[in-house]
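Trainee: Residue-level listing of the chains:
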Amino acid sequence: SQQGEEDPQALSIQEGENATMNCSYKTSINNLQWYRQNSGRGLVHLILIRSNEREKHSGRLRVTLDTSKKSSSLLITASRAADTASYFCATDGHSGGSNYKLTFGKGTLLTVNP
Amino acid sequence: DAGITQSPRYKITETGRQVTLMCHQTWSHSYMFWYRQDLGHGLRLIYYSAAADITDKGEVPDGYVVSRSKTENFPLTLESATRSQTSVYFCASSSEGRSIQYFGAGTRLSVL
Chain A
-17 SQQGEEDPQA LSIQEGENAT MNCSYKTSIN NLQWYRQNSG RGLVHLILIR SNEREKHSGR
43 LRVTLDTSKK SSSLLITASR AADTASYFCA TDGHSGGSNY KLTFGKGTLL TVNP
Chain B
57 DAGITQSPRY KITETGRQVT LMCHQTWSHS YMFWYRQDLG HGLRLIYYSA AADITDKGEV
117 PDGYVVSRSK TENFPLTLES ATRSQTSVYF CASSSEGRSI QYFGAGTRLS VL
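Chains A and B, in that order, give the protein sequences. For the first sequence, counting from 1, position 20 maps to 2 in our numbering; every step adds exactly one. Each number in our numbering comes from the position in the second sequence (counting from 1) with 56 added on.
One chain only, chain A, in its complex shape (with noise of 0.2 angstroms):
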């Protein structure tokens, strides 16, 4: 079963703007990532923000925990058209499982129009 849930299913933006993607999971986790795919290709992994963390940055992307409400969100800043992709939350440490296996979400579709 989908442990994390991205919203919105999809996203359409102009260049320059800000762009916010949500995920919610149902059981505690050690750590949730952001993956982006291109079309056509394979997931790249972009930041990891671990339990107890509530904020993470990295260059134009801004990632937020918040443990009690089991949810995290992505910010991608002053959005480019090559920030056109699909993004994914993954999850680790769900119950019964171990750190090394990830649940992913069903992704948000970003297209960043120029």
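It is possible that part of the hints are untrue.
To be verified - Beta-carbon label-pair distances, calculated as ranges:
| hint | chain 1 | residue 1 | chain 2 | residue 2 | range |
| --- | --- | --- | --- | --- | --- |
| 1 | B | 74 | A | 39 | 46 to 54 angstroms |
| 2 | A | 26 | B | 76 | 37 to 45 angstroms |
| 3 | B | 94 | A | 6 | 38 to 46 angstroms |
| 4 | A | 95 | B | 136 | 27 to 35 angstroms |
| 5 | A | 43 | B | 154 | 17 to 25 angstroms |
| 6 | A | -11 | B | 108 | 49 to 57 angstroms |
| 7 | A | 49 | B | 66 | 36 to 44 angstroms |
| 8 | B | 154 | A | 10 | 43 to 51 angstroms |
| 9 | B | 73 | A | 2 | 41 to 49 angstroms |
| 10 | B | 166 | A | 32 | 36 to 44 angstroms |
| 11 | A | 41 | B | 61 | 26 to 34 angstroms |
| 12 | A | 40 | B | 82 | 22 to 30 angstroms |
What the hints assert, rightly or not - Rough simulated footprint, nothing fancy, chain B against chain A, three-plus residues with beta-carbon under 8 angstroms:
| hint | segment |
| --- | --- |
| 13 | 9 to 16 |
| 14 | 53 to 64 |
| 15 | 82 to 94 |
Hints listed in this document are in silico derivations from the structure and should not be mistaken for laboratory results. All C-beta atoms, glycine included, are put in the ideal place defined by N, C-alpha and C.
Based on these hints, arrange chain B on the given structure of chain A.
Mentor: Chain B alone, transformed into the frame defined by chain A:
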């Protein structure tokens, strides 16, 4: 070139045929994974392996077989392909003690 490679990139086969998808990584990562990606379902774990000769089922293992005789290779076999196994298959790997996974480019499989 170092990394994780999948072959073939595209495969068309017929119902009932046996198909093997290959995955090779050059990092000596302990863990390897096979996922399938379908519209509306996201990525689902088929099988994973913690080391050579250690494999375990994921969320959707039925109809698939894996082996891992060498650390660097993790082939996925569809013993008797069905139309419902039409999908994009991704192999991934991660190192001991780290959960970040590195993905191959995928194999697009069509079962007619």
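Trainee: Now look at each hint and say whether the structure bears it out.
Mentor: Each hint tested on the structure:
Remark: the range hint 46 to 54 angstroms for residue 74 of chain B to residue 39 of chain A is upheld by a beta-carbon distance near 48 angstroms. Range check, residue 26 of chain A to residue 76 of chain B: Cβ separation about 26 angstroms, and the 37 to 45 angstroms hint is violated. Distance hint check for residue 94 of chain B and residue 6 of chain A: the Cβ-Cβ separation is about 21 angstroms, which falls outside the suggested range of 38 to 46 angstroms. In this structure, residue 95 of chain A and residue 136 of chain B break the distance hint of 27 to 35 angstroms, their C-beta atoms being roughly 45 angstroms apart.
The given range of 17 to 25 angstroms is respected by residue 43 of chain A and residue 154 of chain B, whose C-beta atoms sit roughly 19 angstroms from each other. Residue -11 of chain A and residue 108 of chain B have their C-beta atoms about 40 angstroms apart, which leaves the hinted 49 to 57 angstroms range violated. For residue 49 of chain A and residue 66 of chain B, the Cβ-Cβ distance of about 42 angstroms falls inside the hinted range of 36 to 44 angstroms, so the restraint holds. The supplied range of 43 to 51 angstroms is broken by residue 154 of chain B and residue 10 of chain A, whose beta-carbon atoms lie about 19 angstroms from each other.
Range check, residue 73 of chain B to residue 2 of chain A: Cβ separation about 45 angstroms, and the 41 to 49 angstroms hint holds. A C-beta distance of roughly 40 angstroms is found between residue 166 of chain B and residue 32 of chain A, which places it inside the suggested range of 36 to 44 angstroms. Between residue 41 of chain A and residue 61 of chain B the beta carbon distance is about 28 angstroms. The supplied range of 26 to 34 angstroms therefore holds. Our hint of 22 to 30 angstroms for residue 40 of chain A and residue 82 of chain B holds, since their Cβ atoms are close to 26 angstroms apart.
With 3 residues having a beta carbon nearer than 8 angstroms to a beta carbon of chain B, the segment 9 to 16 of chain A meets the requirement of three or more and the stated coverage holds. For the segment 53 to 64 of chain A, the stated coverage by chain B is not satisfied: 0 residues place a CB nearer than 8 angstroms to a CB of that chain, which falls below the threshold of 3. Counting residues of the segment 82 to 94 of chain A whose CB falls under 8 angstroms from any CB of chain B gives 8; the rule of at least 3 is met.
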